[in-house]
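K.L.:
Could you build the full structure based on these sequences and the hints that come with them?
Residue numbers (our numbering), protein chains in the order written: chain A, 1 to 280; chain B, 1001 to 1368; chain C, 2001 to 2283.
Derived by calculation from the structure, the hints in this document are not laboratory data.
Among the hints, a few may not be true.
To be verified - Straight line, CA to CA, 27 Å or less: simulated BS3-like cross-link-like pairs of lysine-lysine: (1) A:193 - B:1260; (2) B:1360 - C:2262; (3) B:1168 - B:1061; (4) A:258 - A:126; (5) B:1289 - A:180; (6) A:179 - B:1277; (7) B:1277 - B:1326; (8) B:1349 - C:2244; (9) B:1349 - C:2262; (10) A:200 - A:126; (11) A:280 - A:261; (12) A:241 - A:61; (13) A:95 - B:1326; (14) A:200 - B:1326; (15) A:180 - B:1326; (16) A:200 - B:1147; (17) A:179 - B:1326; (18) C:2262 - C:2244; (19) C:2244 - B:1168; (20) B:1289 - B:1349; (21) B:1147 - A:180; (22) B:1360 - B:1277; (23) C:2215 - C:2244; (24) B:1360 - C:2283; (25) B:1360 - C:2244; (26) B:1168 - A:193; (27) B:1289 - C:2180; (28) A:126 - A:261; (29) B:1326 - A:193; (30) B:1289 - A:95; (31) A:200 - A:179; (32) B:1277 - A:95; (33) B:1349 - B:1277; (34) C:2180 - B:1277; (35) A:95 - B:1260; (36) B:1349 - A:180; (37) C:2215 - C:2283; (38) B:1289 - B:1326; (39) A:179 - B:1147.
If you're wondering where the values come from, they're calculated on a predicted model, not measured in any experiment.
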Amino acid sequence: MRTPSLAQTLILTSLALTACGGGGDTPAPPPGPGAGPGAGPGSTAPANGGSGAATSAAGPKAWSDSAGTATLSGSASLAGDVPAPIQIAMDSDPKCVEMNSGGATDGSVLVDASGGLQNVFVYVSKGTDAWTFTVPEEPVILDQMGCNYTPRVVGMMTGQALRVQNSDPTVHNVHTYPKKNRASNVSQPAGSKPLEIEMKRSEVLVAVKCDMHSWMQARVGIVDHPFFAVTAADGSFTLPKLAAGEYTVSAVHEVFGKASKQTITIGDGEAQSISFEFSK
Amino acid sequence: MRGISWQGLAVSLGALGLLTSLQTSDDENPHARAPRGVSLVVTAGSWLRAPSADWFAKQAKSEPSRFTHDATAAGGVGGWVDSRGEYSLSEVEGEWAYWQWVSPERLTAGRRDFVQFCSSCHGLDGDGYGRSAQHLRPTPRSFQQNKFKFTKVIADLPSDEALMNLIKRGLAGTPMLPWDLSDVQLLDIIQYIKSLSPEESGWRDVYSQVGDPVEVGEDPWADIKERAIARGREVYHGAASCHLCHPGYVTNEQLRVLRKDPEGTVYREDLTYPALKDSEYEVLGRATKVMPPDFTWHQLRAGITTADLFQTIASGIKGTAMPQWKGAIPDEDLWALAHYVEDLIVSYKDQPAVRGAFMKGLRASGDN
Amino acid sequence: MSMLKATLPSLAFLRSRWLGCPLALMLTSTWALAQDKRWGPGEAASDYGYRFHDLFWLITILVSVAFALVVILLAIPVLRDRERPGHRASFDHGKSLHDKRLTAVISIVIFIILDAWVLVIAMQDLREAHWALPDAEDPQTYRVEVLAQQWAWNFRAPGVDGEFGTADDIITINELVVPKDRPVSFNMSSKDVIHALFLPEMRMKMDVNPGSINKTWFRPITAGDFTILCAELCGFAHYQMSGKLRVLEQGLFNEWEAEASKLASTAFDADDTEAQWAWDWEK
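P.N.:
Spelled out as structure tokens, the structure:
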């Protein structure tokens, strides 16, 4: 057999080599440190507030309490018959039974004789964009006493710490069920140090449950301003003093969901009252 | 050499080369490893949350020329700089976060392998509902939910290493098999899985922390196993009260003595059975419940060596009722619990006669 | 003897390193492996398992006899009529009518004796054993539904109440527990591709197809732990699709069933209709 010429071999080998390699163009290098993910090619990271975001001439001003002069208060009520209290069995843990010797009832729906609904989280959902607020240093305290959360519903600001303490002689686990924030589930045996939980995004309402005692529930409303309140036993609430302006106020209950939002315009020094009605 | 046809060889190689270079891309190739109409190409790269400063410190030891610490970075706080530009430290909404850039090419390679190996159960979009996942409970993990049960990390999200360990070991007793893919393939698949995070969630959430599995450390009970098991039984039924969710493995009277409760105390019904608990996982939009395992009956997913049990108890099982115990009870008690649980498994699991006798003895008194 | 010496290759070749060593190695290693009792699926643990052995040996012996016969019938003329000094080799193309008739007759005789015999025995085995499904109405029959998937086995047992599709159905993955000495009847289907349920120690194997229900059965006669394998290539992890079959004495089995049913009832979610894959038992 005659051996192929050099030229033939070279041509055929180079054809063989075209099968290898064939990669695409080298992509643009990612942005350096400090530019942030907002500047990356084709990225989908959250909005970057720190790097070069355009600031309008009239940016948000820092809030000071003296700017708040208007009082917004009101009440929340439940339409229809007052539901009968539901007994809960705590016999999975005899220590809980001991601390609730008179029996315990489910605390998710608390209505007083005139229909006032307790534990409704009322907050301003629109109208606070003109200000920035400083996050309070003090944490919001949630206590576990008598195998129940006290208070059942709390409100806090984004970035504020939630301090959960266990005042019971039995173990609890603090399990948060947020949708927009990072979840956590840490155990707290009797006598443990308090737990500090931070949630950075506004979310109304985040459930906090103890899995070991499944009736134990709390709700946390997290907003980025201080204008929130939880209704008292008679359904009444008073928001911290607001500045004059137009606001949308919302109310949420853990069982009955959201009530219709109310938009109000309030002037300096004015006192207004609104009410929310929930139905089963 | 004589006898070998160089011409024949060159012609064959040339023909082969010609044919392969003429082949269309995988997308149009009907023999591509995906159902028709399913795209295997990812066009956009992603910035994903990267491990914390500790991870970089560790990496700097093995790659000192690549990772350097810059004390003036991060607004004077100090941060790590990556000379290859794949990782970057950036400020987002007033927070400092490490990000990792994953290129479209890498994500495409990951997507190809994901569709080929993982999508039959985890779904073509990683939503945990592939064809083979029908009727399966618990369902395969949804990567869009960014929660992982068995990665043994305390931070919000597992590191690449934690995920690799899990995929390589599989989950015993489930259809999640140990996968013997190459490390490169696995890492590509993992980057793709991470990129499935929805906006502001999981690996795209600036507030997420990424961490390695819980460090194991030394077992303080290594030579005194019997005492460890006794201490474990004490902690299990006492301070940790594991019997509130898992079965209790003592009689009512023994439990009362262990917990130093007064005479006549009665505990939950079905003490020797587990109690069903809520979980954060959903299937088809409905929340699912999870059964805490009975160690003498159910197959544990994440390993049954003492070290595995220590890690699982310490980190908890994310998304379920099993909380993180690290920091809540001292480490030596965590180890004691691990020894006790291991002893339960070794003594009773898969031994029907022995377990039957044990359970009969516990239930004989009639009050559990 | 001299004619043998003249034709056979030199005996020295047999002892030479080119043939002797590997041959000796092959024979000794085969013998050694056969001594290991774990080689092969072990003793039959089901009541019809012996049929597998009997059929195997029947075929082996018949074929060996036929083989030996053929070799001898070939060797005799090759040696007798070979080319040697003073003797011309006999050339016979076998095209004569006599030869053709002889070939036909011998083929038919071998076919009748070998194939027909084996066929009869095989059909007997099928009718008496593999196709003789136990009566599903009989409370003695232990029914199991099998749903195969890539790459795991889902088993559903009816639980203490004996009905499929109820809260106490015992659903296991890759693990099957059955009582001893009772017929176990399967209804099997697949979620995706074709698999095959293979219980080697029980000598039972049957394809599991998507879109239809296949039926098979076995009756375990030995208690213990056995293997479940997939015997139809079904994808990348086909080789990992194995499970554990546990056969328990009736007393222990009742205990197991009671416990498993109770745990299943606790975990049952009536609203999760998508999870209920039980189908009506096909007889």
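K.L.:
Evaluate each hint against the coordinates.
P.N.:
These are the hints, each one checked on the structure:
| no. | hint | verdict |
| --- | --- | --- |
| 1 | A:193 - B:1260 | holds (23 Å) |
| 2 | B:1360 - C:2262 | holds (15 Å) |
| 3 | B:1168 - B:1061 | holds (25 Å) |
| 4 | A:258 - A:126 | holds (15 Å) |
| 5 | B:1289 - A:180 | holds (21 Å) |
| 6 | A:179 - B:1277 | holds (19 Å) |
| 7 | B:1277 - B:1326 | holds (21 Å) |
| 8 | B:1349 - C:2244 | holds (14 Å) |
| 9 | B:1349 - C:2262 | holds (17 Å) |
| 10 | A:200 - A:126 | holds (19 Å) |
| 11 | A:280 - A:261 | holds (17 Å) |
| 12 | A:241 - A:61 | holds (17 Å) |
| 13 | A:95 - B:1326 | holds (24 Å) |
| 14 | A:200 - B:1326 | holds (24 Å) |
| 15 | A:180 - B:1326 | holds (25 Å) |
| 16 | A:200 - B:1147 | holds (18 Å) |
| 17 | A:179 - B:1326 | holds (25 Å) |
| 18 | C:2262 - C:2244 | holds (22 Å) |
| 19 | C:2244 - B:1168 | holds (22 Å) |
| 20 | B:1289 - B:1349 | holds (24 Å) |
| 21 | B:1147 - A:180 | holds (13 Å) |
| 22 | B:1360 - B:1277 | holds (25 Å) |
| 23 | C:2215 - C:2244 | holds (20 Å) |
| 24 | B:1360 - C:2283 | violated (38 Å) |
| 25 | B:1360 - C:2244 | holds (25 Å) |
| 26 | B:1168 - A:193 | violated (38 Å) |
| 27 | B:1289 - C:2180 | violated (34 Å) |
| 28 | A:126 - A:261 | holds (10 Å) |
| 29 | B:1326 - A:193 | holds (13 Å) |
| 30 | B:1289 - A:95 | holds (26 Å) |
| 31 | A:200 - A:179 | holds (12 Å) |
| 32 | B:1277 - A:95 | holds (20 Å) |
| 33 | B:1349 - B:1277 | holds (23 Å) |
| 34 | C:2180 - B:1277 | violated (35 Å) |
| 35 | A:95 - B:1260 | holds (11 Å) |
| 36 | B:1349 - A:180 | violated (40 Å) |
| 37 | C:2215 - C:2283 | holds (8 Å) |
| 38 | B:1289 - B:1326 | holds (24 Å) |
| 39 | A:179 - B:1147 | holds (12 Å) |
Violated hints, in rising order: 24, 26, 27, 34 and 36; the structure is consistent with all others.
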